[in-house]
Amino acid sequence: MAEIEIDGTIYQADAGDNLLKACLSLKLDLPYFCWHPAMGSVGACRQCAVLQFKDQDDRHGRIVMACMTPVADGLRVSLERPEARQFRAGIIELLMINHPHDCPVCEEGGECHLQDMTEMTGHTFRRYRGKKRTHYNQYLGPFINHEMNRCIACYRCVRFYQGYAGGRDLDVFAAHNHVYFGRHEDGVLENEFSGNLAEVCPTGVFTDKTFSAHYTRKWDLQNAPSICAHCSLGCNTSPGERYGTLRRIVNRYHGEINGYFLCDRGRFGYGFVNSPARIRKPSILGQQAVGRQAAQERFAAILKSGENVIGIGSPRASLEANFALRELVGQERFHPGFADREGALIKLMLDIVQQAPVHLPSLREIEQADAVLVLGEDVGSTAPRLALALRQAVRNEAFEIADQLKIPRWQDAGVRDAAQDAKSPLFIASLAATGLDDVAAGVYRAHPEELARLGFAVAHRLDAESPAVEELLSTADDLAATIAQALREAKRPLIVTGVSLYSESVIEAAANIAVALARLRGAAADVSFVAPECNSLGLGLIGGGDLEAAFQAVDEGAADTVVILENDLYRRAARDKVDRFLAGAKRVVVIDHIFHDTAKKAELVLPGSTFAETEGTLVSSEGRAQRFFSVFPPAGEVQDSWRWLLDAMQVRWRHLDYITEACASALPVLQPILRAAPSANFRIEGMKVPRQPHRYSGRTAIRANVRVSEPKQPVDEDSALSFSMEGVSSGCPPSLNPSVWAPGWNSNQSVFKLQDEPGGQLSGGDPGVRLIEPKVNAEFPWFTRVPGAERKLRQVAPLYHVFGSEALSMLSPPVAERAPEPYLALNPADARELGVGAGDAVELELAGVTVRLVVLLKAELAEGLLGIPAGLPGVPWFAPLSEPGSIRKAEA
Amino acid sequence: MEKPLTKNFKADGTPATLEEYLQSGGYEGLRKALAMAPLEVQQTVKDTGLRGRGGAGFSTGVKWSFVPMGDDAPRTKYLIVNGDEMEPGAFKDRLLMEGDPHQLVEGVIISAYAIQASTAYIFLRGEYRLAAERLSQAIGAAYERNYLGDDIFGSGYDLDLYLHTSAGRYICGEETALLNSLEGRRAIPRAKPPYPQVSGLFGKPTIVNNVETLCNVPHIVHYGVDWYKGLSKTADAGTKLYGVSGRVRRPGAWELPMGTTAREIIEEHAGGMQEGYSLRGFLPGGASTDFMLPEHLDIPLDFDAVTEVDSRLGTGTLILLDDKTCAVRFVLNLEQFFAQESCGWCTPCRDGLPWTVDLLQDLVEGRGRLEDIEQLERMTGFLGPGNTFCALAPGAMEPLQSALKYFREDFENYIAKKVRVAHG
Ligand SMILES: Cc1cc2nc3c(=O)[nH]c(=O)nc-3n(C[C@H](O)[C@H](O)[C@H](O)COP(=O)(O)O)c2cc1C
Ligand code: SF4
Ligand code: SF4
Ligand code: SF4
Ligand code: FES
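In order, the protein sequences belong to chains B and G.
In this text, residue positions in the first sequence follow our numbering: the first is 7, and each later residue adds one.
In this text, residue positions in the second sequence follow our numbering: the first is 989, and each later residue adds one.
Just to be clear, a hint being listed does not mean it is correct.
To be verified - Simulated coverage check for chain G against chain B, where a stretch passes if three residues somewhere in it have a Cβ under 8 Å from a Cβ of chain B:
1) 1124-1134
2) 1177-1183
As the list claims (entries may be wrong) - Far from chain G, some chain B residues (derived; all Cβ distances over 12 Å):
3) Ala-44
4) Asn-280
5) Ala-474
6) Glu-562
7) Pro-639
8) Lys-759
9) Pro-879
Think of the hints as simulated: they come from the structure by calculation, not from any bench.
We treat Cβ as the ideally placed atom computed from N, Cα and C, and that holds for glycine.
Use the sequences and the hints to build the structure in full.
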């Protein structure tokens, strides 16, 4: 702590911080542009100028940039003196010289940092008489608009895109007042985090193209605190709705998870909410347009007539919806709905994290890792935001170097100049190339079993008591030694693995490394287990029989009626098996929001709501239970999945809180979920928290063409939020905060007013509760089934894609546009052996279904693997690591 | 009068050959230096008080002393010659490199030895093709004789020297932008701290010195501190290459004792003003220095004396303003250069300089308003030292602010329509 004087007032501030951050921590209003809490200071824009005094006697002071000034005891500055104010207004004046002033037609308007800063500095009068220079705008793909004339050259975009996210196709070109921020030519921005440009850019240069397609002003959006549904990380989002359609998703700051950034799948994958594939009305035997009452009656009748009803839940639905189903059918007859074998792997993972000395790190903790082994998981594709965190982790070496040279860590350019290419070690063992390879100290590509063997070898190197690996190639052995050494020497080593390869051995190898590290260090080891879906871990904790058991029950006549919750079984098991199951069951009920192949075969289809129209709790890969809230009430016959189930149960529970409570008391491990967010009874000064900003407009006009009177706002009995602009939002707990705003700060930059300090935790605590804490001194036995060196001749291997592998986001056209065409990836040697070449069409039998795929040669793909894009529409479900069916070159 | 830096210059314009260079005592300094401890060499240079000839006039020895030395110091260190010379009016470094390339090479080797650099670069302005050719030859010859390479003269000291020809931006002469450029990045300046002496090129300790600065070093080591101090007329040691451009009879550059007056330079060496022209003012050290007036002609041009009249010695290459040239157009021409050469990193410079140009343009084209002069004045403060990220913009303001001070009527006359304005 240091004592500093700002405009005559004494404050305590963190010594060594930069003065801008210190001022913002003190909640003082000081304008800035180029500084970003996650990216540090570069001193380019000169907007954060303050007057610094040498000592107590200095009356004049000199202009310094707050963002470049370290806080130290005795620092004396003024933000308010006319010299400082005039300088800051002068900077805005210059930034405005070429700015088009097109706020009325600018997508940024109303949440524009440039607008806010202009207001704040008081610059109002245009003195510049010359012409404005203009720029060419580029086509940047389906996600991002480009309107370069609005640029104020703060360099944030390139610093984020290249420096933070590792992108290569956005740069700054030319010089002087012609600096141009864009691609070298028109084209799709490649990086999976490009959407953050819309939030990082303080002006309307980079904006959300999907939002523009059905644009509305920020103040006219109805928002809610939500959780991303597109992977297991649980990034916090703030989706916005207008006129019954979801308009966009923006980042909702969470200090431990997503921080300031989302991935493009999470940001642009929301299109399914508005999709024509939505189930809007109940249907019976394919007959649309059945009323809610009729549907409820039919549901009741089906349940009543059913001899034996089983339920299949969903790892993409809330704990509450799943638990309601479990209550309906009974614990024994509930199946979480995992794909074949996936359930067993998730259980294995949970056993490890619940019994071994293993700590599930948050993304913030992952960013602190200084040696990382990624074993088997292509995180860039299965848990994108985690890849971004790992990209920051490798920078820890740079920070160490900076510390030695006494360069403050926030002095971004200085740290980078000093450290150059120095990186903390990151090792990646994968089937094929991954998006993080460019920052890896070592990559190893092999069959899953071989990856596991590498992992076991690392564990053995760390602890000789763990099982050794026979017949390991010397290259792998050397690499294992290098990895083991890096992990041993690290201050905070980290293992990342997951279930995407469907390999028990990979997970067990990771566990052995973790146990070895824990024994070495006498502390739990950080292991990040990537689960496949947004609630996989939650469903794993609820438990239940696997899908195979459900199939068997119907096959054997032990069950005749099936209720399927938010799950397309054709994505989970072989087509013929699902066909047989759905045909075998006398009566099938599907509750979902998307009309998929499973729904097509159901007798009764009930329209459930998407994440945007319902609420519930999800458990992320970190084991963090988080509540998401409906953004807008479901329209027409659509209602929450859990409500359909409650209706059928005819219990007293009417609200979400009842289910949450029942779930928490039924399953002790889920007990803490009650604390994930305040209950529906929560009030501030007797009022609910409004979802709509206080400037929300047009409520009467919305339906004026139908009726001029304003209808009563829908009532939300399930949460402490209101579908209204009335209520109190200031001081609301972070888990209930629908969107960010502060007086004078209309852009997302306002979030600092809600944080303990910029980039720190949200005041009042980051949302969610961690369910699984490590058993530090647990004795955990070694896994001993080390795979042998011999292997199957050919195996089908799943290859993942950020855009393509996840089902819901693929219903969003901009995301689908970025997905690859179905392909068969082969090592050139295998292709030769099979007599096919790049671009050839082949017919491959996958789990009984023959598909036509185009051959893609991947030199780095391990030999013997048939790489198939997992989850991609047009590619049938297949059993990963199984032997392929027939394969032959297709006729032209 | 001794002229150590230019003594080998030949009348026919060809460079001094290695033989000629050796005959005049070349590489004696290096031999001597290699027999000394690196810190001794540093001390010697420090004792002369040699000040950087690149414009800022910082003590070379003191700068060197910030480089980490000894066993704990990084093995990789760099010495870089700043041969960017894009300041309008400056051409002295070109003459040195073209006239006596071996002198610079020897200066590099000794200086690199003094800081125990492992690699040296000459960062050369791209258009200096002739200098590039001659330097390459000199470097090649030095390698052949083992003045460069491994185990120089059996001293155990290794050094590699590379010539890098720039793609050509004024900002590349700013030493930290130069480092970025040399690393293959955009030429924008770096924030200090860290200072290059500690973390410079590729994050390693680095010294950047001007061509002329380094050309002094062989002589200092060869002939000693006292000799060197005796060369100058004032407290600032050594000789200086002074240049003159403008309407004089013999524009050119001359090596003269440091502290020679502008009067001597203009009247004796440059042959005085051309027929029909008289002197109104001059920039003493290139485009980014403040005007001095005829009344300052007798001030010795050294680092300290020039500051007394609110200007800077800069590069010591004078640009003259005569009575037939409009001060506003003179400044406009310079500001166009600076606006064009702004790297685009910081707001005041990137957007302030084009506005400055616009205001001046409006003036000379008859669109000026009285308040524009105030605005120009404000601009000189706004783009002043500390307000911008590097010294380019403050440098750009120096001729403007002094023109407003000394030649204000030229500005006002445009508004009062007392001069014929240009259209277009
Ligand atoms: C815009 C700008 C351009 C510069 N150009 C040059 C140059 O061309 N040559 C040079 O030696 N110094 C130039 N300098 C000064 C250098 O930054 C640096 O001070 C100098 O190279 C140090 O060498 P010295 O100590 O030997 O003078 C320039 C500075 C600025 C701000
Ligand atoms: S495009 Fe946006 S982020 Fe990039 S420099 Fe311009 S204003 Fe800054
Ligand atoms: S990383 Fe996962 S949770 Fe986060 S935004 Fe992307 S898909 Fe959503
Ligand atoms: S003053 Fe700023 S814009 Fe101008 S050259 Fe220096 S860093 Fe670049
Ligand atoms: S925020 Fe400090 S200079 Fe840009």
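Which hints, by number, does the structure contradict? 1
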